[in-house]
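Hey, can you work out the whole structure from these sequences and the hints?
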Amino acid sequence: MIPAPFDYVQARSLEEAISLLQRHGEEAKLLAGGHSLIPMMKLRLVRPSLLVDIGGLEELRYIREEGEEVAIGALALHSDVARSPLLREKAPLLAQAASVIGDVQVRNRGTIGGSLAHADPAADYPAAVLASEATLVAQGPVGRRAIPAREYFLGPFTTALEPEEVLVEVRVPALAPGTGAAYLKFPHPASGFAVVGCAALVTVRGGEVTGARVAFTGVAGSPFRDDGVEGAVVGRPAEAEAMAEAAALAAQAVDYPLSDVFASGRYRVHLAKVFARRALAEAVAAAAS
1 MIPAPFDYVQ ARSLEEAISL LQRHGEEAKL LAGGHSLIPM MKLRLVRPSL LVDIGGLEEL
61 RYIREEGEEV AIGALALHSD VARSPLLREK APLLAQAASV IGDVQVRNRG TIGGSLAHAD
121 PAADYPAAVL ASEATLVAQG PVGRRAIPAR EYFLGPFTTA LEPEEVLVEV RVPALAPGTG
181 AAYLKFPHPA SGFAVVGCAA LVTVRGGEVT GARVAFTGVA GSPFRDDGVE GAVVGRPAEA
241 EAMAEAAALA AQAVDYPLSD VFASGRYRVH LAKVFARRAL AEAVAAAAS
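Per the numbering used here, the sequence shown starts with residue 1, numbered consecutively.
For the record, the hints were derived by calculation from the structure and aren't laboratory data.
Heads up, a few of these hints could be off.
Claimed, not checked - What follows is a set of in silico ranges between Cβ atoms, one per label pair, in the way DEER data are often shown:
| no. | residue 1 | residue 2 | range |
| --- | --- | --- | --- |
| 1 | P177 | E66 | 15 to 25 Å |
| 2 | S13 | A174 | 39 to 49 Å |
| 3 | R12 | T210 | 43 to 53 Å |
| 4 | A240 | H270 | 14 to 24 Å |
| 5 | R144 | E89 | 21 to 31 Å |
| 6 | E16 | R83 | 24 to 34 Å |
Just so it is clear, the structure is predicted and the values come from calculations on it, not from any experiment.
We treat Cβ as the ideally placed atom computed from N, Cα and C, and that holds for glycine.
Here it is, written out as C-alpha cells:
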C-alpha cells in the first residue's frame with residue numbers, strides 16, 4: 001500500500017527535531033532507520049502529517065565508556081552494537097541481542113533508539129535492557145531525563161516517552177566481575193522477531209549464584225523482568241539442576257500471554273521455561289570463564 005500524504009523535514013539538529021515535535025505534537029513522527037515506521041505507514045496503521053528525519057544527526061551515533069557505564073547513542077546501528085568490542089566485553093546482552101535482530105539489511109539500517117522507541121513486544125532489545133538494568137535517556141523542551149528500563153515499557157508499542165521527547169541515549173552498567181550474560185530466542189522464521197526471547201545475567205561467587213536478572217520479550221504485551229525466576233536462582237548452586245528448577249517458574253505471573261497465528265499463549269509460556277533454562281545455563285558458564 002501507499003502511505004497517506006505527509007510532509008518531510010530533515011532535522012539539522014536535535015534541538016530542531018524537538019522543536020518540530022513540540023509544534024506538531026502527535027501529528028509528527030521521528031524517522032531514523034525507518035524499519036518499523038515505514039511499514040506501518042504503508043499499511044496506514046499510523047498516519048503522521050509530518051516526518052522528522054533525524055537519521056543524519058551523527059552526534060547521536062556513538063558507543064563509548066563513561067565511568068562504570070557504557071553509553072550508546074540512539075542512532076547507533078544494530079550492526080554497530082553487535083560488533084562493538086566494548087559492548088561485547090562490558091555489556092554483552094546488548095551486543096548479543098543486536099546480533100540476532102532481523103537480517104543483515106535490517107541490522108545495517110535499523111537503530112537501537114528506533115527499536116526501543118517503537119517498543120514492539122517481540123523486539124530483542126527490551127529484554128536485554130531490562131536484564132542489564134539500563135537507563136534510557138530522553139531529551140525534550142525542558143532538558144534531559146533518565147528513565148530506568150523497568151519504568152520505560154508501559155504496554156504494547158507504548159513507552160514513558162512524552163510526545164515531544166526524543167530518546168537520545170542508552171546507558172548500561174558495565175558487567176561486574178564474576179558475572180555472565182546470555183540472550184537467546186526462538187525466532188519467527190520469516191521476520192526474525194522473537195516468538196519468545198530471554199535475557200539472563202548471573203553473578204557467581206564460590207560456586208553459588210549471588211545475583212540474577214532474567215527478562216523476557218515476546219511472552220506478554222510488554223517485556224518484563226521475571227522476579228519469580230530471579231528469586232529462585234539466587235542462593236542456589238551454579239549448577240544445571242538448580243537452573244532448570246528455577247526456569248520452570250518462568251512466566252508464572254503472566255496472566256494473559258500473547259497468543260496469535262505464530263504461537264499460542266500456552267506454547268509461549270512453555271518456550272519461556274525452555275529458553276530461561278538455556279539462557280541461565282549459558283550465563284553461568286560465561287560467569288565461570
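Against the structure, the hints:
no. : hint                    : result
1   : P177 x E66: 15 to 25 Å  : holds (19 Å)
2   : S13 x A174: 39 to 49 Å  : violated (31 Å)
3   : R12 x T210: 43 to 53 Å  : holds (49 Å)
4   : A240 x H270: 14 to 24 Å : holds (19 Å)
5   : R144 x E89: 21 to 31 Å  : holds (27 Å)
6   : E16 x R83: 24 to 34 Å   : holds (31 Å)
In the structure shown, a violation is registered for the earlier hint numbered 2 alone.
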